[in-house]
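Chain A is already provided as a structure; the job is to place chain B on it using the hints.
Protein chains: 2
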Amino acid sequence: MLFWEDFHEGHVATCGRYVVGREEIIAFAREYDPDPIHLDDSAAEATRLGGLSASGWHVCAIFMRLLADGLLINADSMGSPGIEEVRFLRPVHPGAVLKLRRAVLETRDSKSRPEMGLVKFRFELIDATDAIVFELIGVIMFGRRNPGARLA
Amino acid sequence: MLFWEDFHEGHVATCGRYVVGREEIIAFAREYDPDPIHLDDSAAEATRLGGLSASGWHVCAIFMRLLADGLLINADSMGSPGIEEVRFLRPVHPGAVLKLRRAVLETRDSKSRPEMGLVKFRFELIDATDAIVFELIGVIMFGRRNPGARLA
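Note that the protein sequences, when read in sequence, are chains A and B.
Counting in this note's numbering, the first sequence runs from 7 upward without gaps.
Counting in this note's numbering, the second sequence runs from 7 upward without gaps.
Excised from the complex, chain A in its bound form (with noise of 0.2 Å):
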């Protein structure tokens, strides 16, 4: 189980195999963002994204389930107060594989609440041919081993 203290500064690690199905494209699109592009080929295919393209918020959920089953499912994580920033770099087609990176920005401990400590990641999903295709940076409370003194 890790814990806030053993994240450091610098580590990168990658993890995790993900292949991206036609249907499901189809699927998330169709209950959270149904625009042509996610939903139908010959309308996707006249645009600049060349052709079917999962919605930037499937890639999202895409990138949690590879950040639970790669770390989280090892971890004392305690959520995230939220996302800095998220870049759609290239389009994720039906078939893409995809594999997540993460990158440790920053590590500090919590004033108000001894028992975390909270870790910013820079996160990207990398595909077969090495390219980027997302990135996210954002912050994950975990636990601490030894929480911290209680201040006043």
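Simulated from the structure, these hints should not be mistaken for lab results.
A couple of the hints might just be wrong.
Identical copies carry no separate label here, and so any pair may be met within one copy or between two of them.
[Claimed, not checked] Here are the simulated SDA-like cross-link-like pairs (lysine to any residue), alpha carbons at most 20 Å apart as the crow flies:
1) Lys-126 - Arg-93
2) Lys-117 - Pro-100
3) Lys-126 - Glu-91
4) Lys-117 - Arg-54
5) Lys-126 - Glu-90
6) Lys-126 - Gly-88
7) Lys-105 - Pro-40
8) Lys-105 - Ala-137
9) Lys-117 - Leu-95
10) Lys-105 - Glu-37
11) Lys-105 - Arg-128
12) Lys-105 - Glu-141
13) Lys-117 - Ala-74
14) Lys-126 - Ser-86
Just chain B now, kept in the frame of chain A:
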């Protein structure tokens, strides 16, 4: 049909109504964010969130649906290059009723693509008690009614 020229700094509008279902929270989490806090009532009740809560990524997807139905369906939208900031301010429990508020923060043309312009928004999801549960700042690209001159 709304074009880039139709968005003006400072304009605020509210739209939509989305009732968040328990089964939907669990189905999304099972697929993309399998943390007990999104899957299991008794595990979730023991946490700071005080009960089963939607994945933050699910809340993003719900935001997207409200945005698609309330704005993009009537606009010449050309997608988004990314997101600048997301804040998860309050947990979203089953039965929450959400609406979307948007405020135009900035509009600018595109130097490289005279057929489009960019609009930066602050979006907020607001619950039935008028509490803001989610905030997102992001840019959307829209087609221009009157494309700018192409630069040399």
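For each hint, the structure was consulted:
1. For the homomeric pair Lys-126 and Arg-93, the shortest alpha-carbon distances inside one copy (16 Å) and between copies (15 Å) are both at most 20 Å.
2. Taking identical chains as interchangeable, the C-alpha atoms of Lys-117 and Pro-100 are never at most 20 Å apart, the minima being 45 Å within one chain and 32 Å between chains.
3. Both within a single protomer and between protomers do Lys-126 and Glu-91 lie at most 20 Å apart by alpha-carbon distance, with minima of 12 Å and 14 Å respectively.
4. Only between protomers do Lys-117 and Arg-54 lie at most 20 Å apart by alpha-carbon distance; the minimum there is 17 Å, versus 47 Å within a single protomer.
5. In this assembly of identical chains, the alpha carbons of Lys-126 and Glu-90 lie at most 20 Å apart whether taken from the same copy (9 Å) or from different copies (15 Å).
6. For the identical chains of this complex, Lys-126 and Gly-88 are neighbours both inside a copy (11 Å) and across copies (19 Å), given an alpha-carbon limit of 20 Å.
7. Taking the shortest alpha-carbon separations for Lys-105 and Pro-40, only the inter-copy value of 18 Å comes in at or below 20 Å, while the best intra-copy value is 26 Å.
8. In the homo-oligomer, the alpha carbons of Lys-105 and Ala-137 lie at most 20 Å apart inside one protomer (11 Å), although the nearest pairing across protomers, at 37 Å, exceeds that limit.
9. In the homo-oligomer, the alpha carbons of Lys-117 and Leu-95 lie at most 20 Å apart only across protomers (19 Å), although the nearest pairing inside one protomer, at 36 Å, exceeds that limit.
10. When the C-alpha separation of Lys-105 and Glu-37 is checked against a cutoff of 20 Å, the pair qualifies only between copies, where the shortest distance is 17 Å, while the shortest distance within a copy is 25 Å.
11. In the homo-oligomer, the alpha carbons of Lys-105 and Arg-128 lie at most 20 Å apart inside one protomer (14 Å), although the nearest pairing across protomers, at 31 Å, exceeds that limit.
12. For a Cα distance limit of 20 Å, the shortest separation of Lys-105 from Glu-141 inside one copy, 12 Å, qualifies, whereas the shortest one across copies, 28 Å, does not.
13. Taking the shortest alpha-carbon separations for Lys-117 and Ala-74, neither the intra-copy value of 26 Å nor the inter-copy value of 40 Å comes in at or below 20 Å.
14. Taking the shortest Cα distances, Lys-126 and Ser-86 sit within 20 Å of each other inside one copy (10 Å), while across copies they are farther apart (24 Å).
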